[in-house]
Amino acid sequence: MDAPSGSKRQIDEGPEVEAKRSKAREEVDDATVESSSPLENLPKELVWMIIDFARGSLRNLRMTSRLIKNIVEEFALQQGTSEIVEEVKISYFSAGTADVFSVEISLRVRNYNSQLLEYRMFLRNPSG
Numbered sequence: 001m002d003a004p005s006g007s008k009r010q011i012d013e014g015p016e017v018e019a020k021r022s023k024a025r026e027e028v029d030d031a032t033v034e035s036s037s038p039l040e041n042l043p044k045e046l047v048w049m050i051i052d053f054a055r056g057s058l059r060n061l062r063m064t065s066r067l068i069k070n071i072v073e074e075f076a077l078q079q080g081t082s083e084i085v086e087e088v089k090i091s092y093f094s095a096g097t098a099d100v101f102s103v104e105i106s107l108r109v110r111n112y113n114s115q116l117l118e119y120r121m122f123l124r125n126p127s128g
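Position 126 (the sequence shown) corresponds to 126 in full-length UniProt numbering; numbering is contiguous.
Hint data in this document are derived by calculation from the structure and do not stem from the laboratory.
Careful: at least some of the hints might be erroneous.
Claimed, not checked - The calculated DMTMM-like cross-link candidates involving lysine to aspartate or glutamate, where the alpha carbons are at most 20 Å apart (straight line), are:
#, residue 1, residue 2
1, K69, E104
2, K44, E73
3, K89, E104
4, K69, E40
5, K89, E118
6, K69, E118
7, K44, E74
8, K69, E87
With the sequences and hints as input, model every part of the structure.
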């Protein structure tokens with residue numbers, strides 16, 4: 001009797017096929033373990049030094065692993081280890097009435113610090 005269309009058919013594949021599948025699963029598990037980032041084995045302070053050196057690659061570093069992403073977040077939120085913004089300009093514009101005005105804030109940031117600044121601002125205000 002044929003199986004109804006759309007249903008799965010159970011096939012007895014024997015011990016050889018099951019042994020091959022088991023070996024394949026072990027190889028995948030080993031590959032997963034070996035593919036973890038070497039950065040994860042370093043002390044956090046050393047990873048912070050690497051992040052500080054490679055600020056332009058902040059987005060790429062974040063995608064290395066969950067642990068490295070968390071370390072990058074800690075680094076981005078740490079207080080004042082280096083100056084990110086070189087210059088701040090604030091301009092005030094009045095539209096003629098005291099009720100309406102506009103404020104423009106300009107930040108001068110070196111290119112290698114731009115990702116760190118953007119990420120720090122995102123972490124401090126993720127909804128905005």
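Evaluated hints:
As the CA atoms of K69 and E104 are separated by approximately 33 Å, the hinted pair breaks the 20 Å bound. A hinted pair counts as satisfied when its Cα atoms are at most 20 Å apart, and K44 with E73 qualifies at roughly 12 Å. For a cut-off of 20 Å, the pair hint linking K89 to E104 stands: about 8 Å separates their Cα positions. Proximity of K69 to E40 is assessed by CA-CA distance (about 10 Å); at most 20 Å being required, the pair is judged to hold.
Annotation: proposed proximity of K89 to E118 holds, straight-line Cα distance about 18 Å (limit 20 Å). Taking the CA atoms of K69 and E118, the gap is about 15 Å. The hint holds against a cut of 20 Å. Between the alpha carbons of K44 and E74 the distance comes to roughly 10 Å, so the proposed pair stays at or under 20 Å and holds. Among the hinted pairs, K69 with E87 is inconsistent with the structure: their alpha-carbon atoms are about 29 Å apart, more than 20 Å.
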